[in-house]
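S.K.: Sequence:
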Amino acid sequence: MGSTPPTYHLRVLGCPKNQVDGGYLEGLMEGRGYQPVVAPEDADVAIVHTCGFIEAAAQESVDTLLELGELKRGNPGMRLVASGCLAQRHGADLAEGMPELDLVIGTRDWPALPDELATPRSERPVVRVEALRPVDYSQLPFRPTAPATTYLKLSDGCNFRCAFCTIPSFTGNLRSKPVEVIVAEAERALESGVQELVLVAQDLTGYGRDLPERSSLSELLRRLAALDPAPTWVRLMYATLEGVTEELVEALATTPCVARYLDMPLQHVHPAVLRRMKRPYSADRAMEVLARLRAAMPDLALRSTFVVGFPGETDAEFQHLLDFLAEAELDWVTAFAYSEEEGTVAARMPDQVPPELREERRRAVYSAQAPASRARNRRMVGRDLLVLGEAVSPGRGGRPPVLLGRSEREAPEVDGRVVVRGLDDPAALLDRFLSVRVTAAGTYQVAGVPTPPPG
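Whatever position you read off the sequence shown (first residue = 1), add 511 for my numbering.
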């Protein structure tokens with residue numbers, strides 16, 4: 512009788528790019544004979560793939576490591592690993608402050624995790640946060656992040672140096688994956704039943720500029736649309752304003768399967784704030800690009816994010832942002848209260864805005880944005896939308912359960928949703944598409960009933 516295989520427990524924190532890395536880690540561990548377990552107390556190895564973007568995310572990573580460290584005290588045979596962004600950013604500090612750790616491994620070294628685990632245990636945490644060399648993704652086992660939807664990470668790093676952002680310090684400059692690697696991962700996902708490909712990167716529209724064969728996001732979209740089986744939707748997240756070229760607008764408008772959706776974080780629009788942020792564009796340029804996108808695709812759903820309470824932001828500069836939101840008529844908006852991050856230019860700036868005012872302004876952004884989101888949703892009333900079922904919500908007050916889903920207008924986790932009523936068995940439509948006629952709309956969701964698909 513063979514010996515019991517070793518086990519691992521993995522927690523992935525942070526952004527979708529980390530979720531993609533988590534899939535690679537699962538494949539690497541299982542390729543070396545480890546079996547996944549849900550309960551960390553059953554694991555021989557507990558791994559936290561950390562996030563270190565802002566203080567709140569870093570604290571969540573630390574809290575998770577402390578929780579598992581406490582568990583390890585009762586199970587000294589367990590090995591505890593911190594991997595990813597926080598490990599890269601504060602590896603030495605983590606090792607010093609958490610002696611329960613066995614291994615701290617950074618953003619470009621985590622593919623070597625199984626090899627590190629094969630070495631004898633050390634009395635002190637081993638820290639592997641070497642130079643930011645490229646990861647060879649062609650040698651990694653890609654796994655879809657969900658049954659019907661998967662994220663595809665196009666690149667690591669970023670060439671921009673925004674004053675508030677720590678990410679380039681622990682991910683390095685832009686390093687694009689080769690086109691063929693991305694296409695192969697997409698093929699694998701589609702063959703497994705995935706129907707939505709969500710493209711992510713720190714700078715999505717910068718994709719391919721650094722490759723020897725000089726590719727582009729537009730070219731990649733055409734390659735993905737030509738796959739067989741073809742995706743139902745290809746969704747773009749984290750586009751930069753500077754990268755939304757005429758070529759990309761045309762590709763969005765004309766390439767089959769590309770969702771009529773674009774996530775384009777602007778962060779702010781007042782010229783003085785943009786200069787302090789080191790963001791290389793103007794509010795006029797932002798409105799020009801938005802107008803071009805809307806002219807090419809009137810039903811394009813546009814999402815953006817904004818940072819409020821940046822050092823020196825005056826009442827007038829903040830009001831300028833609110834005025835922009837009324838004019839821009841974006842579909843979806845997320846607002847972040849500025850977070851002072853050690854090592855950034857912004858953290859050393861004078862005129863830091865009090866935290867309570869930052870939070871007040873964050874809430875004000877949502878209040879200002881609500882009429883535009885509501886109006887954009889109301890335009891859908893009477894229309895038929897293709898909807899992907901994602902969850903079942905129990906009915907209230909004796910009403911039957913309803914299906915919760917998304918159309919091409921909503922990205923996973925961050926946008927609104929579609930509520931589908933009138934289904935006999937909503938659970939039968941999880942991870943499946945159906946046609947829905949919209950009958951009502953609010954600020955953050957639309958509701959409707961199933962209708963036979965056209966044609």
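Accuracy of the hints is not assured; some may be wrong.
[To be verified] Straight-line distance between alpha carbons at most 20 Å, and here's what the computed SDA-like set of lysine to any residue pairs gives:
| id | residue 1 | residue 2 |
| --- | --- | --- |
| 1 | 789 | 680 |
| 2 | 789 | 582 |
| 3 | 789 | 858 |
| 4 | 789 | 573 |
| 5 | 789 | 630 |
| 6 | 789 | 603 |
| 7 | 789 | 683 |
| 8 | 789 | 767 |
| 9 | 789 | 724 |
| 10 | 789 | 722 |
| 11 | 789 | 690 |
| 12 | 789 | 892 |
| 13 | 789 | 744 |
| 14 | 789 | 894 |
| 15 | 789 | 816 |
| 16 | 789 | 860 |
| 17 | 789 | 822 |
| 18 | 789 | 733 |
| 19 | 789 | 752 |
| 20 | 789 | 861 |
| 21 | 789 | 864 |
| 22 | 789 | 942 |
| 23 | 789 | 847 |
| 24 | 789 | 851 |
| 25 | 789 | 828 |
| 26 | 789 | 877 |
| 27 | 789 | 850 |
| 28 | 789 | 704 |
| 29 | 789 | 692 |
| 30 | 789 | 825 |
Simulated from the structure, these hints should not be mistaken for lab results.
S.K.: Starting from residue 789, check that the Cα of residue 573 is at most 20 Å away, please.
M.R.: 30 Å, violated
S.K.: With a cut-off of 20 Å on the C-alpha distance, tell me whether residue 789 and residue 877 pass.
M.R.: It is violated: about 25 Å lies between the C-alpha atoms, which goes past 20 Å.
S.K.: For residue 789 and residue 850, compute the direct alpha-carbon distance and say whether it is at most 20 Å.
M.R.: Status holds; Cα separation ~16 Å.
S.K.: For residue 789 and residue 722, compute the direct alpha-carbon distance and say whether it is at most 20 Å.
M.R.: 26 Å, violated
S.K.: Decide if the proposed pair is consistent with the structure: residue 789 and residue 828, CA atoms, cutoff 20 Å inclusive.
M.R.: 16 Å, holds
S.K.: Has the given pair, residue 789 with residue 744, been kept, meaning a C-alpha gap of at most 20 Å?
M.R.: 34 Å, violated
S.K.: With the threshold set at 20 Å, check whether the alpha-carbon distance from residue 789 to residue 861 stays at or below it.
M.R.: 16 Å, holds
S.K.: Assess, step by step, whether the Cα of residue 789 is no farther than 20 Å from the Cα of residue 816, and give holds or violated.
M.R.: 16 Å, holds
S.K.: If you draw a straight line from the CA of residue 789 to the CA of residue 822, is it 20 Å or shorter?
M.R.: 13 Å, holds
S.K.: Does residue 894 sit within 20 Å of residue 789, going by the straight-line distance between their CA atoms?
M.R.: Answer violated: residue 789 to residue 894 is near 42 Å, above 20 Å.
S.K.: For a C-alpha distance cap of 20 Å, please report whether residue 789 and residue 724 respect it.
M.R.: Distance ~30 Å between residue 789 and residue 724 Cα, so the pair is violated.
S.K.: Mind checking the alpha carbons of residue 789 and residue 864 for me, to see if they're no more than 20 Å apart?
M.R.: With Cα atoms ~18 Å apart, residue 789 and residue 864 stay inside 20 Å; holds.
Comparing the model with each numbered hint stated earlier shows that hints 2, 4, 5, 6, 8, 9, 10, 11, 12, 13, 14, 18, 22, 26, 28, 29 do not hold.
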